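Position chain D against the provided structure of chain A, taking the given hints into account.
There are 2 protein chains.
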Amino acid sequence: MKYGFSDRVRYFDSSAVRDILKVVNQGNVISFAGGLPDEDLFPVEAVKDAFQKAITSGNKALQYAETEGLEALRMHLVERMKRKSIYRNPEDVLVTSGSQQAIDLFSRVMFNPGDVILTEDPTYLAALQVFASYETKVVAVDSDQDGMLKEDLEEKIKLLKPKCIYVVPTYSNPEGKVWSLERRKMLLELAEKYHVVVMEDDPYGDIQFDPEAAPSSLAALDEANQYVVYTSTFSKTVVPAMRIGWIVGPNQIIRLIAQAKQAADLHTNSISQHALVHLLNDFDLDQHVRNITSVYYERMKIMKKALDEIELEGLTYLEPKGGMFFWVNLPKEMNTTDLLKAAVDQGVAFVPGKPFYVGEAEGNTLRLNFTNSTPDKIETGMKRLVHVIQEAYLQVN
Amino acid sequence: MKYGFSDRVRYFDSSAVRDILKVVNQGNVISFAGGLPDEDLFPVEAVKDAFQKAITSGNKALQYAETEGLEALRMHLVERMKRKSIYRNPEDVLVTSGSQQAIDLFSRVMFNPGDVILTEDPTYLAALQVFASYETKVVAVDSDQDGMLKEDLEEKIKLLKPKCIYVVPTYSNPEGKVWSLERRKMLLELAEKYHVVVMEDDPYGDIQFDPEAAPSSLAALDEANQYVVYTSTFSKTVVPAMRIGWIVGPNQIIRLIAQAKQAADLHTNSISQHALVHLLNDFDLDQHVRNITSVYYERMKIMKKALDEIELEGLTYLEPKGGMFFWVNLPKEMNTTDLLKAAVDQGVAFVPGKPFYVGEAEGNTLRLNFTNSTPDKIETGMKRLVHVIQEAYLQVN
Chain A
1 MKYGFSDRVR
11 YFDSSAVRDI
21 LKVVNQGNVI
31 SFAGGLPDED
41 LFPVEAVKDA
51 FQKAITSGNK
61 ALQYAETEGL
71 EALRMHLVER
81 MKRKSIYRNP
91 EDVLVTSGSQ
101 QAIDLFSRVM
111 FNPGDVILTE
121 DPTYLAALQV
131 FASYETKVVA
141 VDSDQDGMLK
151 EDLEEKIKLL
161 KPKCIYVVPT
171 YSNPEGKVWS
181 LERRKMLLEL
191 AEKYHVVVME
201 DDPYGDIQFD
211 PEAAPSSLAA
221 LDEANQYVVY
231 TSTFSKTVVP
241 AMRIGWIVGP
251 NQIIRLIAQA
261 KQAADLHTNS
271 ISQHALVHLL
281 NDFDLDQHVR
291 NITSVYYERM
301 KIMKKALDEI
311 ELEGLTYLEP
321 KGGMFFWVNL
331 PKEMNTTDLL
341 KAAVDQGVAF
351 VPGKPFYVGE
361 AEGNTLRLNF
371 TNSTPDKIET
381 GMKRLVHVIQ
391 EAYLQVN
Chain D
1 MKYGFSDRVR
11 YFDSSAVRDI
21 LKVVNQGNVI
31 SFAGGLPDED
41 LFPVEAVKDA
51 FQKAITSGNK
61 ALQYAETEGL
71 EALRMHLVER
81 MKRKSIYRNP
91 EDVLVTSGSQ
101 QAIDLFSRVM
111 FNPGDVILTE
121 DPTYLAALQV
131 FASYETKVVA
141 VDSDQDGMLK
151 EDLEEKIKLL
161 KPKCIYVVPT
171 YSNPEGKVWS
181 LERRKMLLEL
191 AEKYHVVVME
201 DDPYGDIQFD
211 PEAAPSSLAA
221 LDEANQYVVY
231 TSTFSKTVVP
241 AMRIGWIVGP
251 NQIIRLIAQA
261 KQAADLHTNS
271 ISQHALVHLL
281 NDFDLDQHVR
291 NITSVYYERM
301 KIMKKALDEI
311 ELEGLTYLEP
321 KGGMFFWVNL
331 PKEMNTTDLL
341 KAAVDQGVAF
351 VPGKPFYVGE
361 AEGNTLRLNF
371 TNSTPDKIET
381 GMKRLVHVIQ
391 EAYLQVN
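As you go down the protein sequences, you meet chains A and D in turn.
According to full-length UniProt numbering, the first sequence is numbered sequentially starting from 1.
According to full-length UniProt numbering, the second sequence is numbered sequentially starting from 1.
Keep in mind that the hints were calculated from the coordinates and are not lab data.
Given the structure is predicted, the values throughout are model-derived calculations rather than measurements.
Mixed in with the good hints, there may be bad ones.
It does not matter which identical chain is meant; a pair holds if it fits inside one copy or across any two.
[To be verified] No farther apart than 16 Å at their CA atoms in a straight line, the calculated lysine to aspartate or glutamate pairs in the EDC-like style are these:
# : residue 1 : residue 2
1 : K377      : D38
2 : K321      : E66
3 : K321      : D146
4 : K304      : E154
5 : K304      : D40
6 : K60       : D40
Same shape as in the complex, but just chain A (with noise of 0.2 Å):
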């Protein structure tokens, strides 16, 4: 039979990241693919007891739960975010299954068919995954390594009059950057002159190299929570698997999301949301991410100075001061779709840059992960992938 779908589904992509994740799970590949972080470095201990506190505590805790996600875990999110100066109220935020449903879910309230999102060129490929489903329209803006430029941020706002600015402006996927704290101020003012909605996903932020380097966040700068709805996770910091992250941002949006949600899946795993809240009770996990990211830094290092040993005229990358990512500039000539083939037969991936661009890609980009390989890994397969780079290079030139 001939199925009649919705138009949308023209919109789907069987994404690099699904395909991404099928090379990792192949046993003789070193990946650099993935946005994944160790599980050898995962609270195992910690989470076993929170579950089981969790399970324990009462079979309410078992039942069906409420939709904006428990008080006591929106109360543990608001003390936290109060230590990055964004004050917000346990009304204000909605406890979501990861940042990716509040990207979904923030879309659903907002988008109709050809409304205009404005982003960083590259950005957050399942970020646009979304957007597109919504037949939005998003428009790269003009950026360097600070943030966005004002000249074309501005032009672009009076010209295509978006419904959102797109950000991830701290330690961002793909790029490793982190945008200048006069950049999103900048931002901020263009927002509330222009009236536009900002949404921070900061999936990334705990994962910082030098704490006292790090800018304010956007939402932190946004004090009247007016402009900005803000997103994190804890699939970084404590587990994956658990799927718990949040939204925080205008009551009234907020309360439109969690319609939305209402909808979507009722609510989020709550025997998590409840292990999480015993997690952050009894756990130094503060402690734990600083330990985690002296772990990643140190790795990051070690790919950091495989990329330097590379000769190769042309060859450029930003150096992570925080997050999880590489992003690397081959020669202009080169072509990393290509190149990704050869790797993989070399034993080595990476994640081309392709993906990730909403105008023109260049399609000598790519993406490094240097938080879910060991020391060891990250020698033997950036060695691989220094050969196959070098071997592509001569080939055409």
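Using the frame of chain A, we list chain D on its own:
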């Protein structure tokens, strides 16, 4: 600031279910309003053991997982469905965050604004909310206690060219009724004749008071897996807090739903999925379901006795053969929405029938849940309810 939202938020509804959950949480009200299983019957020890095993079975269980759901869980689902004569492959199955998400994701890949969906009237409230949020047009088909009536169904299919027929044919919510085998076959024949997809929502199928009497599911009748998309859940048989449901159907539809799910929330909580696999391996879930069903059967009988004692011309109900609900018709001149306030004042709650209707609501209907209250509470609550009904009856007569 004035926010610009999507058009679909106009169809959102600060729903009855949400308000009901608030009533449920008021301590001194005996509530027959919710659709909750009894938390005192939850298999807490088995759940605890299962989560313990899931968390300590290797750190991979705490990592990101595949969008389709764990293969081991999908294999279990395939085996369990076989016993209902639903023969499907694991790749035709997708694990969802409860069956609510199955309805939402199915809608996302199927419906454009204005598409027609045929349903019974009344039908499942939260499915209507999902359909409304996709700006579809839901049209009710004339039905009796055996299911939809062929003449009206065929006429509406021919006239309206529906994209889908949505039904809860087994121990339905809210009516607690069971479609006859004859009507099921009739529905399938028309679906085949006119190429219409059928969504069979089956959350209550396992709560059956007379297993011999339960007719084949629609999915079992659709042997070639061409027309029926079937969804069910473990929320009524294990615990709701895990949020584990599934959807199974034609592979082309399921593959698109997987893409939609990736954008929606990447994957379903995988700690819960691993735990469920352990629970299905180690625990006699079928015996547990028989145990809770026999408790629910006794409660249904107690509620039935109380209903039978009301001396009121025009009060009718159907005796449930399974599931969780009585659907009660009061005399025509009574209004159950008005009645609810008086009932809550007297310490008892129910759901007025109105929000379950697609077409013009019958204001004299109400839904009573018998699974979430002990026999004592059912007796006390029903005494209060009978009193409120009789007082209100005197006022309108």
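- Hint by hint, which ones does the structure fall short of? Hints 2, 4 and 5 not satisfied by this model.
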